[in-house]
Amino acid sequence: MMKTKERIIEAGLKFSSLITVLTTLGILWVLLSQSLVFFGEVSIIEFLTSREWTPLFENKHYGILPLLAGTALTTFVAIAVALPLGITIAIYLSEYASAPIRNTFKPLLEILAAVPTVVYGFFALTVVTPFLKGILPELATFNALSAGLVMGVMIIPMVSSLSEDALRAVPNSLREAAYGMGSTRLQTAFRVLVPAASSGIVVSVLLAISRAIGETMIVTIAAGQQPNLTFNPMETVETITAYIVQVSLGDVPHGSIEYRTIFAAGLMLFVLTFILNNISYFVKKRYQQQYE
Amino acid sequence: MNSRQKNRIKDRAFKYLGIFSTSIGLILLTVFIGSIIKDGIGRIDWDFLTNLPSRKAEKAGILTALAGSVWLLVMTAIVSIPLGVAAAIHLEEYSRKTRWSSFLEINITNLAGVPSVIYGILGLQIFVRTMRFGGSLLAGAFTLALLILPIIIVTTREAIKAVPSSIKEASYGLGATKWQTIRHQVLPAAGGSIATGIILALSRAIGETAPVIIIGALAYVAFVPQSPTDEFTVLPIQIFNWVSRPDHAFVVNAAAGIIVLLAVTFMMNGIAVYLRHRWQNKVNW
Numbered sequence: 005m006m007k008t009k010e011r012i013i014e015a016g017l018k019f020s021s022l023i024t025v026l027t028t029l030g031i032l033w034v035l036l037s038q039s040l041v042f043f044g045e046v047s048i049i050e051f052l053t054s055r056e057w058t059p060l061f062e063n064k065h066y067g068i069l070p071l072l073a074g075t076a077l078t079t080f081v082a083i084a085v086a087l088p089l090g091i092t093i094a095i096y097l098s099e100y101a102s103a104p105i106r107n108t109f110k111p112l113l114e115i116l117a118a119v120p121t122v123v124y125g126f127f128a129l130t131v132v133t134p135f136l137k138g139i140l141p142e143l144a145t146f147n148a149l150s151a152g153l154v155m156g157v158m159i160i161p162m163v164s165s166l167s168e169d170a171l172r173a174v175p176n177s178l179r180e181a182a183y184g185m186g187s188t189r190l191q192t193a194f195r196v197l198v199p200a201a202s203s204g205i206v207v208s209v210l211l212a213i214s215r216a217i218g219e220t221m222i223v224t225i226a227a228g229q230q231p232n233l234t235f236n237p238m239e240t241v242e243t244i245t246a247y248i249v250q251v252s253l254g255d256v257p258h259g260s261i262e263y264r265t266i267f268a269a270g271l272m273l274f275v276l277t278f279i280l281n282n283i284s285y286f287v288k289k290r291y292q293q294q295y296e
Numbered sequence: 386m387n388s389r390q391k392n393r394i395k396d397r398a399f400k401y402l403g404i405f406s407t408s409i410g411l412i413l414l415t416v417f418i419g420s421i422i423k424d425g426i427g428r429i430d431w432d433f434l435t436n437l438p439s440r441k442a443e444k445a446g447i448l449t450a451l452a453g454s455v456w457l458l459v460m461t462a463i464v465s466i467p468l469g470v471a472a473a474i475h476l477e478e479y480s481r482k483t484r485w486s487s488f489l490e491i492n493i494t495n496l497a498g499v500p501s502v503i504y505g506i507l508g509l510q511i512f513v514r515t516m517r518f519g520g521s522l523l524a525g526a527f528t529l530a531l532l533i534l535p536i537i538i539v540t541t542r543e544a545i546k547a548v549p550s551s552i553k554e555a556s557y558g559l560g561a562t563k564w565q566t567i568r569h570q571v572l573p574a575a576g577g578s579i580a581t582g583i584i585l586a587l588s589r590a591i592g593e594t595a596p597v598i599i600i601g602a603l604a605y606v607a608f609v610p611q612s613p614t615d616e617f618t619v620l621p622i623q624i625f626n627w628v629s630r631p632d633h634a635f636v637v638n639a640a641a642g643i644i645v646l647l648a649v650t651f652m653m654n655g656i657a658v659y660l661r662h663r664w665q666n667k668v669n670w
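Here the protein sequences come in this chain order: D and F.
So in the working numbering, the last spot in the first sequence is 296, and the numbers never skip.
So in the working numbering, the last spot in the second sequence is 670, and the numbers never skip.
Hints in this document: simulated from the structure, not taken from any laboratory.
All of these numbers come straight from a predicted model, not from anything done at the bench.
Treat the hints with care, since some could be wrong.
In silico contact screen, one side only, chain F against chain D (beta carbon under 10 angstroms); selected entries [as the list claims (entries may be wrong)]:
1) Leu402
2) Leu411
3) Leu468
4) Gly469
5) Glu478
6) Trp564
7) Ser588
8) Leu620
Computed list of lysine-lysine pairs in DSS-like fashion (alpha-carbon distance at most 27 angstroms, straight line) [to be verified]:
9) D:Lys7 - D:Lys18
10) F:Lys563 - D:Lys9
11) D:Lys9 - F:Lys546
12) D:Lys9 - F:Lys482
13) F:Lys482 - F:Lys553
14) D:Lys7 - F:Lys423
15) D:Lys18 - F:Lys482
16) D:Lys288 - D:Lys64
17) F:Lys546 - F:Lys563
By construction, the Cβ of each residue, glycine as well, lies at the ideal position given by its N, Cα and C atoms.
All chains, please: the whole structure from these sequences, using the hints.
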């Protein structure tokens with residue numbers, strides 16, 4: 005009796021863990037099956053090489069490049085903010101700050117990541133853009149710069165907390181050896197610890213890039229909804245994610261080719277983040293073994 | 386000035402750069418929130434919380450959005466908590482180290498990194514279309530549950546892992562079965578950390594906008610949802626809808642809506658931090 009009960013419970017628990025596999029299969033099935041129909045009508049060559057994305061207009065073109073450029077641009081601006089700040093914070097908290105300061109600031113920084121993204125979008129559009137317009141008069145109302153900057157602030161804690169963990173995992177003997185040779189904390193940090201923790205820092209940056217690529221509401225609200233093959237952050241752009249939201253908000257008939265574009269765009273997005281997440285997973289596994 | 390002094394100065398300078406970098410994000414956030422409170426606090430009154438949506442900005446309220454968010458939060462919790470905790474128990478206590486278990490692990494790490502819009506697309510095709518839930522609370526709750534499942538699993542596993550094996554061994558020694566040990570020893574001991582993780586995951590769910598837009602939650606819903614199969618809107622969508630309007634009065638509404646959303650989010654985070662703190666002090670292995 006007892007044994008049967010144990011078995012039933014174990015089966016239930018096992019089923020729950022299988023849900024995660026089903027989720028992945030579901031994502032793959034949905035994206036691939038719908039994209040397959042899409043690529044039956046639009047050649048994959050046009051999708052990857054055409055320089056125009058106008059599925060919602062009369063004259064339809066299905067080139068993903070403008071959306072990729074928009075995504076790349078906002079991501080680049082965000083990383084340009086989050087990388088230097090995040091690593092400086094990580095070094096400061098792990099090598100300079102006292103324990104009470106560290107214990108106060110770490111949770112405070114996490115607040116940055118806890119704020120809903122629609123709120124950040126509002127900040128970018130109503131506070132950052134008007135402020136930047138005062139300095140750069142030719143800035144568009146919807147632009148990649150404001151969206152990227154605000155997104156950068158949001159992902160600071162991702163870079164800083166994972167990098168700090170990596171720095172703190174470096175054995176103390178390395179630190180002591182560097183101090184013994186007369187190094188300052190700064191020299192120790194940049195010449196010994198950062199190289200030693202480099203794989204962990206790379207992981208944090210890859211995950212931050214992946215997060216920035218997938219971020220939706222900030223770019224939808226502040227960067228605009230106009231596909232634009234440009235690398236000028238002052239202009240209006242549309243990211244892959246913003247396009248998916250744009251289609252969802254409109255009344256595109258289901259089953260139409262316009263409707264299927266979101267699955268093709270979604271597949272592109274999934275592939276990009278999947279590659280980044282997996283590289284970082286394997287780098288992380290390797291560096292964990294290094295010190296254990 | 387010799388090189389030693391120079392290096393000392395650089396070292397000192399970096400310390401201040403570090404203090405600056407650590408505070409700049411928080412200072413910006415304070416400025417942002419300050420400006421929002423300035424814009425929106427005057428708009429918050431009982432009418433704003435209890436009025437139905439309206440085409441006139443000064444009459445519009447957030448009742449349907451707030452009710453939708455509460456419904457969605459509760460339903461998401463009902464779906465995701467049992468599944469997430471059960472999956473974590475299975476992975477941590479039952480599954481042996483095989484290829485399959487390491488595949489499961491990679492898979493969960495991957496799912497945690499899948500952008501939320503992709504979950505929206507998944508929900509649209511599976512729950513809204515294939516299962517014919519339509520743009521209902523049911524479709525929304527299942528979609529968000531899948532979205533936060535990886536977070537719940539990861540934090541629950543960490544919590545279970547932190548329970549010392551001596552407790553388990555003592556329980557087995559007294560003749561308890563595996564499930565009895567988990568049910569009466571492991572889960573109570575890990576309860577605080579599990580609850581913390583769940584609350585943080587739910588606070589993420591309540592702020593999600595994109596996946597809920599994609600599954601077809603509407604910006605304009607005239608009534609408070611009465612059952613899980615009703616159409617709904619949520620607070621973040623209402624805010625998004627107001628932000629995208631040119632009329633300034635609606636932007637003020639958006640600011641007021643944000644104050645309410647942030648209050649809820651920060652409250653949930655506060656509870657999570659408090660729980661973690663209390664549990665850490667209470668249990669000292």
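Hints versus structure:
Interface hint at Leu402 (chain F): satisfied, since its Cβ lies 6 angstroms from the closest Cβ of chain D, which is below the 10 angstroms cut-off. With 10 angstroms as the threshold, the beta carbon of Leu411 (chain F) comes within range of chain D, its nearest partner Cβ sitting at about 6 angstroms, so the hint holds. With its C-beta approaching chain D no nearer than about 5 angstroms, Leu468 (chain F) sits inside the 10 angstroms limit, and its interface hint holds. Annotation: interface hint on Gly469 (chain F) holds; nearest CB of chain D at approximately 8 angstroms, less than 10 angstroms.
Here the hint on Glu478 (chain F) is kept, as its CB sits about 8 angstroms from the closest CB of chain D, short of 10 angstroms. Nearest Cβ of chain D to the Cβ of Trp564 (chain F): about 5 angstroms, under the 10 angstroms cut. The hint holds. Interface hint status for Ser588 (chain F): upheld, as the beta-carbon distance to the closest one in chain D is roughly 7 angstroms, under 10 angstroms. For Leu620 (chain F), the shortest C-beta to C-beta distance to chain D is roughly 9 angstroms, which falls under 10 angstroms, so the interface hint holds.
Our distance criterion of 27 angstroms between C-alpha atoms is met by Lys7 (chain D) and Lys18 (chain D), whose separation comes to about 16 angstroms. A C-alpha spacing of about 11 angstroms is found between Lys563 (chain F) and Lys9 (chain D), which places the hinted pair at or below 27 angstroms, so the restraint holds. Under the criterion of a C-alpha separation no larger than 27 angstroms, the hint pairing Lys9 (chain D) with Lys546 (chain F) is consistent with the structure, at around 24 angstroms. Distance check on the hinted pair: Lys9 (chain D) and Lys482 (chain F) sit about 24 angstroms apart at the alpha-carbon level, within 27 angstroms; holds.
Among the hinted pairs, Lys482 (chain F) with Lys553 (chain F) is consistent with the structure: their alpha-carbon atoms are about 19 angstroms apart, no more than 27 angstroms. For the given pair, Lys7 (chain D) sits about 63 angstroms from Lys423 (chain F) by alpha-carbon distance, which is inconsistent with the 27 angstroms threshold. Of the pairs offered as hints, the one joining Lys18 (chain D) and Lys482 (chain F) holds, with about 15 angstroms between alpha carbons and a cut-off of 27 angstroms not exceeded. Annotation: proposed proximity of Lys288 (chain D) to Lys64 (chain D) is violated, straight-line Cα distance about 43 angstroms (limit 27 angstroms).
Of the supplied pair hints, the one linking Lys546 (chain F) and Lys563 (chain F) holds, its CA atoms being roughly 15 angstroms apart against a limit of 27 angstroms.
Hints 14, 16 from the earlier list are contradicted by this structure; the remaining hints agree with it.
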